[in-house]
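There are 2 protein chains.
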Amino acid sequence: MTARHRLIYLPLGGAGEIGMNCYVYGYGPEGEERLIVVDIGVAFPDMDGQPGVDLILPDIAWLAERRDRIDGIFITHAHEDHVGSLGHLWGALRAPVYCRRFTAIHAMRKMEEQGHPPETVQVVAPYPATVTAGPFTVSFAPISHSIPESSALLIDTPDGRVVHSGDFKIDRDPVVGEPFDDAMWAEIAKDGVRAYICDSTNVFSRHPGRSESQLPEPITELIRGARGLVVATTFASNVARLKTLADAAVAAGRTVCLMGRAMKRMTAAAVEAGVLTDFPATVTPEDATEIPRENLMLLVTGSQGERRAASAALSRGSYLGHELGEGDMFLFSSKTIPGNEVSVARIKNALAEKGVDVVDDQAGFYHVSGHANRPDLEAMHEVLKPQVLIPNHGEYRHLREHARLGLSKGMTGIVAPNGSMVEISGNAPGVVEYLEVGKTYLDGIAQIGAYDGIIRDRMKLALNGLVLVSLIVDEDDALMEDSMVALRGLPERASNGADLVALIEDDIAAALARMDAKTAADDDKIAEAIKRVVRQTCVSEIGKKPEVTTLVSRLIAD
Amino acid sequence: MTARHRLIYLPLGGAGEIGMNCYVYGYGPEGEERLIVVDIGVAFPDMDGQPGVDLILPDIAWLAERRDRIDGIFITHAHEDHVGSLGHLWGALRAPVYCRRFTAIHAMRKMEEQGHPPETVQVVAPYPATVTAGPFTVSFAPISHSIPESSALLIDTPDGRVVHSGDFKIDRDPVVGEPFDDAMWAEIAKDGVRAYICDSTNVFSRHPGRSESQLPEPITELIRGARGLVVATTFASNVARLKTLADAAVAAGRTVCLMGRAMKRMTAAAVEAGVLTDFPATVTPEDATEIPRENLMLLVTGSQGERRAASAALSRGSYLGHELGEGDMFLFSSKTIPGNEVSVARIKNALAEKGVDVVDDQAGFYHVSGHANRPDLEAMHEVLKPQVLIPNHGEYRHLREHARLGLSKGMTGIVAPNGSMVEISGNAPGVVEYLEVGKTYLDGIAQIGAYDGIIRDRMKLALNGLVLVSLIVDEDDALMEDSMVALRGLPERASNGADLVALIEDDIAAALARMDAKTAADDDKIAEAIKRVVRQTCVSEIGKKPEVTTLVSRLIAD
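In order, the protein sequence lines correspond to chains A and B. Using my numbering, you'd call the opening residue of the first sequence number 1 and step up by one each time. Using my numbering, you'd call the opening residue of the second sequence number 1001 and step up by one each time.
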């Protein structure tokens, strides 16, 4: 008798948060399922939560332990939150990588950068072409988003068809790339869909989504009305938007100049992949300095306020020979991602200080979202009629709302945040197990766990400041009363104006003088005692309880 | 011949930023003007910019140097960004404080908390009553905002009337407090207004502002539809909103329980000041545990996601005997202030995980702003017809847009960010001087300057981690090769698994062995050399360049 086979789904990132997408599907006998990975993205750290960290990667410990059971890694599209971890984590998985051509260009670069063989990345043609990976037959179904060649995955299994939506919107005229194909989706749905794992980002947006094709007219009109230099920013990966903006500039009698590494890389990749065939001719930033301001548009990186991108550089001063001023216009053809509001406002204010007219999407004319709003989610539910709906790509509240929406339409809606193993097959699909799933921080070249305490220690230093104490125990095991004290991140003067280091050194000397021999014999006990003394002094002198690190050196008799 | 007198305006905080309002008006011979201060607020620090700091205060060095010329401190209303610095900074100014009664209750408490005489705060009746302060005659003109007894200031000077708007909106039915009084404002304007210094926060909001009176109906309807416990949060100081929410609860058959210190303090102050006369009876959190969930509404603090407030506590688990779950509803009757989005989302997600239905103002039914939108600003311009318009209470982009709006209507619009001294009088009103104005951080009990380097040092520690090194120079002026090394905020293991402290100690020993006598004789040179070695080791072993602090102890021969 063979063991019962089952079809499982396990999100390791991207469910219960927006970003760092990483999902696992499995089919086979319980505990021996063959596995595929869908997406392997990053999230971006911030000072508030992960100071000093370079990237946040999914915790793939569970997958790495089952490496021999992985039949493939499938990447839905080239956004960083879907492919950004590939280079950093592939070494622990070592499975073939499948994606469409535009995505592959980025995936291969990420592999190469980390010293992995780029030929592991295999370019797959879209639906109806398929890839067989263990018990799974996978097809990339084109659907529009905000980057070329985004795809849903059709994952056929012995227990039925699973549709993994990827990031998507319904756009029947997306400017660049494949329009939404009603006939294709009807065909995909016609034999029944067991489960739909679906993007939830915009579930709270109740109006129907808008098409990229609604933008050229107002943007062209806006640029036509500009007197001086025009600068426009958006995500470099939004190739359709780049084309919308560039075409509008040309229609308004302007030459386009791309600025920022990502702009050039993305347009080059789009041309190489054959998805961008008629982008207007551009000039280099250097040549652009020869063009009159009223005939030029700069298309620049940094719509999210990134400090090192072109937008920020232009807001600070001259950049690559271009400087903004009175009469110029700066267009944010973008949405500000939650958490980036302050950085974006900083740039807008710096531009306003230069006299630049800043235009953003507050009025709703110059940007459309790349994600399906609630009515479009409902439309997809209606087309696919899945038995099971598992919301992903959303914070917990998005997942819950989306599952409720599904339930209200008669589907089995399952809320499955990161670490929830869902059994999709069987009579009662639902969460069968909760795994402890953390996050991994890329910190320099080290990968550290989110709960290792290292980042918490950095935050303590930042919040409390640090007092360093160096003590010496002499050859006779006696503590020398002269300590060395240094401060980091603390004021040099007490609130009464006295020298804080001197006050601390005095109090330490007094404490050492009355320290008993038992304490003095134990470095940890000395450090504990010193910490108490230093904190007491600091609380009364500056009103703060700092971190304290004490180094005890013991002299050894010759 | 007497020197020419002039009327000046100098923002020290709140112009070029939202928060920390502090404005100075002066009248008299140049350099000898008599001064009044309008508002003395705080801004709130965050991990991203001011880790560990308790409050951000305006830099009042300029005022403190001219203390003998200050004739009064006028507080427009009791919001923290207008009165929060009073206790911390009054000691450097020592002038009488004037405000209306509700504001005075808070101002006196702030004085007392910092050991200053609360009787310095004088309660002033509203317009047409006046206060004389040196050459100024000042009157508090009631106008609605989102806290009781908000007032514009009418500042009469020998060079004409200045109207300082304070924070305001036009609300003819504000639920609590004085409705907008068209007749009063016509009277105020009738003899001409020299300058209008005006709130700019909502200058980009193009729809007319809405009245508090539009909220009771939808909120009551919402609460009527709730099955389980209802929790509502808003700013505790928004006493009108508290009443709207409490009345709606009662109308829906629920008893109200206030939770969070600020809730109780604000309602008590509003009752004491006589502005809140018919607030429904409330029960204590303890008594509320006896009331069936479907008959109870908790009115709680923490609408901005503050970690220690009641909203956050309820999202984490049981709080004061109350725990939320499936079927309960949580209403955010508030706007999320930019920068707080992530904290607020954290609470919403935690509540969603408990099965609570979270309702916020996304649909526009459950909150109205306390600030004038663009059409309302234009209406005030029209009523007052000022010769000079100086936008304040806004980031730079708000000030610029508001000044342009004024210019387009024929006023002299002046953009004056913090530190710009404006001459209001004379034939060509405008900025006459730029002062270097910083910010002061309250850090524990110490006041430190924003540019003192202390906070920058904390941020470096948080971003880079720290290596501590202790070295000993023996009695013969020879460096002992054994160093002590400790790490803070760094991984213990190099990327190859080796012990990082041991690697660093080895490299230091090697460096000390080859150190020349000249370097070894100078503690600073030793520290420089050690920093280089430690950074080299860390860059190659963990890919990070940490902060390094070296303590050199010199043994002295007996």
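Be aware that a few hints might be false.
Below, a list of computed lysine to aspartate or glutamate pairs in the EDC-like style, where the Cα atoms sit at most 16 Å apart [what the hints assert, rightly or not]: (1) 460(A) <-> 1048(B); (2) 518(A) <-> 506(A); (3) 544(A) <-> 1048(B); (4) 1460(B) <-> 46(A); (5) 1385(B) <-> 1187(B); (6) 460(A) <-> 1046(B); (7) 1460(B) <-> 1436(B); (8) 1460(B) <-> 477(A); (9) 335(A) <-> 1187(B); (10) 518(A) <-> 477(A).
Rather than coming from a laboratory, the hints here were simulated on the basis of the structure.
Results for each hint:
| no. | hint | verdict |
| --- | --- | --- |
| 1 | 460(A) <-> 1048(B) | 14 Å, holds |
| 2 | 518(A) <-> 506(A) | 22 Å, violated |
| 3 | 544(A) <-> 1048(B) | 19 Å, violated |
| 4 | 1460(B) <-> 46(A) | 14 Å, holds |
| 5 | 1385(B) <-> 1187(B) | 12 Å, holds |
| 6 | 460(A) <-> 1046(B) | 14 Å, holds |
| 7 | 1460(B) <-> 1436(B) | 25 Å, violated |
| 8 | 1460(B) <-> 477(A) | 37 Å, violated |
| 9 | 335(A) <-> 1187(B) | 45 Å, violated |
| 10 | 518(A) <-> 477(A) | 11 Å, holds |
In the structure shown, a violation is registered for the earlier hints numbered 2, 3, 7, 8 and 9, in ascending order.
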